[in-house]
Amino acid sequence: MITKETVNYIASLSRLHIDEAENAGFVRNLEDILQYVAKLNKLDVAGVLPTSHVLKMENVFRDDKVSPSLTQQEALSFAIESHAGHYKVPKVIE
Amino acid sequence: MGGMYKEQNFNFSENMDFETVIGLEVHLQLNTATKIFCGCRNVFGVEANTCVCPVCLGLPGSLPVLNRDVLFSGIKVGLALNCSINTFVKFDRKNYYYPDLPKGYQISQYDFPIAKAGFLPVMTGGQEKRIGITRAHLEEDAGKLIHDDAINATLVDYNRTGTPLVEIVSEPDMRSADEAYDYLTTLKLALQYLNVSDCDMEKGSLRCDANVSIRSRGETKLGTKTELKNMNSFSAVKRAIDFEVARQTRLVIAGESIVQQTLLWNEEKGITIPMRSKEQAHDYRYFPEPDLVPFTLTEAEIDKVRCGLPELPYARLHRLIEKLGVSEYDGTIIVQDKTFADFFESALALGVDVKKLCNWMNGPLMKELNDRKCRLGDLKLTPGMLVELINKVEDGTVSNLAGKEILAEVVATGRKIEDIIKEKGLTQVSDEALIGKIVDEIILKNPQVVEQVRSGKANAAGFLVGQAMKQMQGKANPKIINEFIQRRITNV
Ligand SMILES: [Zn+2]
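Taken in order, these protein sequences are the chains called A and B. Heads up: the first sequence begins at 38 in the working numbering, then just goes up one per residue. Heads up: the second sequence begins at 61 in the working numbering, then just goes up one per residue.
Just so you know, the hints here were simulated from the structure itself, not pulled from any lab data. Every residue, glycine too, gets a C-beta built ideally from N, C-alpha and C. Hints should not be assumed to be uniformly reliable.
[Unchecked claim] If you want the footprint, here are the derived chain A segments under chain B, 3+ residues with CB under 8 Å:
| id | region |
| --- | --- |
| 1 | 54-68 |
| 2 | 98-104 |
| 3 | 119-130 |
Next up, chain B with everything else stripped away, as it sits in the complex (with noise of 0.2 Å):
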């Protein structure tokens, strides 16, 4: 142990006989109002110690009240994720002293978790998989550490204490930091449809430890393991992890054994690094929490949350394939997001071709997105503007192009479309006898192309159809402009 592992080249024939083994423990910050056990307010980023208690401080003769909402929300996450809810539900200390955690314990759940047994389907390596989750249960999140070294002190904020947590753990089922990412994508996306938690790795909202070894492919007991903290992306998990398999595989190899303990992982410098703390000794003891009651659930409440669930992104997927005929590709571009998801149903609900629907969402729209690095719901852009804008360009009022530059007006301003086209001049000039004029003169100008449309050269139409839209700064109409050339160069 001590000191840092440096990244070793590796050889991949000489890691063919292993396995990897990947289990994840999810974190994930719940988004009700209040506390888990008390009634301040659950937000990020406000000034230090300003969302505390007597209850979330620890201090003596303060009690815990469990936030129903919390439960609830556990119960939704369970389900989603295929669990068997618990109809009697506890919570327990975990005895620890460290000073992000005021009472010296932290209200968790040992063993009996809100959900266990579930899984989770997901895509990866182009099929499906199932990865089992062992459990998910609740707990109370701690404080803030920050290490101060100008004054060689630890200062603590403790706004966070006592923020809801949902702890994820999934089944050693993962082979590769591939499949974890995916595992981790797919799940995200069916917490973000439950909306019981923002999700953003940024603020910590969700977090990820993997616990990671490798075994000689075959093996079916576990190898030992050592679990990875302080990734803040998805991307930092595969990285850690990869980086973590070729280490365990380079010591095997060298008849070295794995020693089991937490490793952080450093972005910068793309490594591993032994967590240093002086909090090793896990030896939680924990015991029944006696400052709150049980919790039992019936059947009937437990399937009342199953009703309310929401449609979750697999299912969506499926439905929009088979129901609303959208290609698996786009399909999955729609549902990567819930927002955009609902956006492209409540266009198509008011009658547009669903494939130049999702043309315009998958394209142009999601250009937009990325080039302003926002959201659906951030623009002002409604289902039916864009439903609008569509078919103005289907019924040739305005052109492809034209209809380009009106989306990014609309998104930046929110304008009616009418306006803008009345404002740019952007109407598509159908006037033949405009057009004819033009034609005839870009005929004249290029007789070699010409003769190329006449000997059956396709394309060459093509460019005598883009001269055309030049001289008429994009606005005509290239069908009818086409018509015009072939007509034109035939009869001559």
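Next comes chain A alone, as it looks inside the complex (with noise of 0.2 Å):
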């Protein structure tokens, strides 16, 4: 069951801040999905391969050949501060 904590985790996983409202809404959202997921596993699967993708494709591959990389300005140009050829960051470790 989706509880307010378990969207605050999940949003805290991926750096999200959410309001109370906001909350509300993903709970009842999240919610939605997993019954319907639950739904779907009623089905009987027996003899179903398991899919691991959308597409009916397979080994799309590309050789081992080197190709134009970005220059230091461009990479660097959508870098919202950078510092002496790097991208700049708050620091990660105290």
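Put the two chains together into one complex, using the hints given.
Structure below.
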């Protein structure tokens, strides 16, 4: 069962801030999804192979050939902050 | 938790009832030309953020495509570790947020790894032990973080992002830090023979984490384990495990419980420190990677890889011993480096005594390599040159001592042996008139020693040979000198 706490936990793992009203909406939303999946679980799937991808394709490869990369300037152009050729982010180890 | 653990003096008699259990996770960077899912160059040590593209930066709308060579390198590693190869392969998303991971997830393999259930035979403590391999799977490496105190920020270089990795997970089969060390050196050697990675711990192309727990001897359940990270050499792995085993043992004896946690090895202080990262929530919410379709392999494809595998060090050692007449001692040294072993076999094929070749390679040549801190591939010395040199010593053209001097010169300059001999005047003197004259002088100067030789003291003659050699600046053939001395003394 989805609770307010479940939603808060998932939001924190995904680094999302959600308010009380949004939380209540997500509880209903996720609960609906689980109920739908519970319905699917009642189907008899004996003899049906598990699917790991929706496309009926396999073995899509690329050769080990170098293709051009971005320049450093291009790569850093979408950084909020950069420093000495690096992306700059808030310190992650205190 | 919290704080540092101080190393305690350990009374090993108290330690007797405990057994150490170690499992190792090795991350191996593959040496393909490009990254796992994009065409960026797979290189180390270039300017930050210059080998990146929309795919490895995880920009919206970009899609990964698997590098075929990465999959086949993974198969090679799996086969070399006696694993079974999954014919159905898929990738999964491992979700976590950290600045080294631009997409917010790492593409890895969860329930269908490329290889599983293998083993590696390891010589440890004088006998062979099979260490189980749980699995080997493919994944992408993360970026590199630099924590900069000066600007109070973390700097990110995404060049490493998307570097192909094979993670090799062992069973918890090792019972001591020494066994772990032997496993790692054996594994590294096998991987070097496969030529799928440069296996350089300093560059981070081979990394090792250790899961360590202890339990009462005879217990079959596993104890609570801790995970050790941040060891940058095999000897550091050994020291970290020894430290951790001592720490856990001390806690258990004191009646405290082991906390499951990640510990970082501090090389300078020689201690482990609990990881303080804010990222300790290990809830990765794996799910099948929707951006990559699955892969199926046929048995024929896998067999083709199997047939193309090079002879692995373990098999090579046995062949050197059984087919080529190399001693176990010499063979073990020779197979430690594939280039060295290849050189050995090429030289042997040119026609030279096997034992003489072993002695020259594991002796003077190895010394040259160690002195110069280089590898055989860096030298201009060819197998043909070494054979020529050994045969010149054997037929008496030059003395053993001069041979070593010539070797050093060849290694340094790559010049022709004939030229070095001529230039340095190293041809061994076998001129009997000259040798006879010098031997007579030595005998006259050392009457007491001569007396000792007469009375049957064997090493006394050695002294006289040494004196004559000295006089001739090492260029004489000591065998001939010895014959002369014996003849002169017995005839007098
Ligand atoms: Zn890229």
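Now for the hints, and whether the structure bears them out:
1. 54-68: violated (count 0)
2. 98-104: Coverage by chain B holds for the region 98-104 of chain A (7 residues, Cβ < 8 Å).
3. 119-130: holds (count 11)
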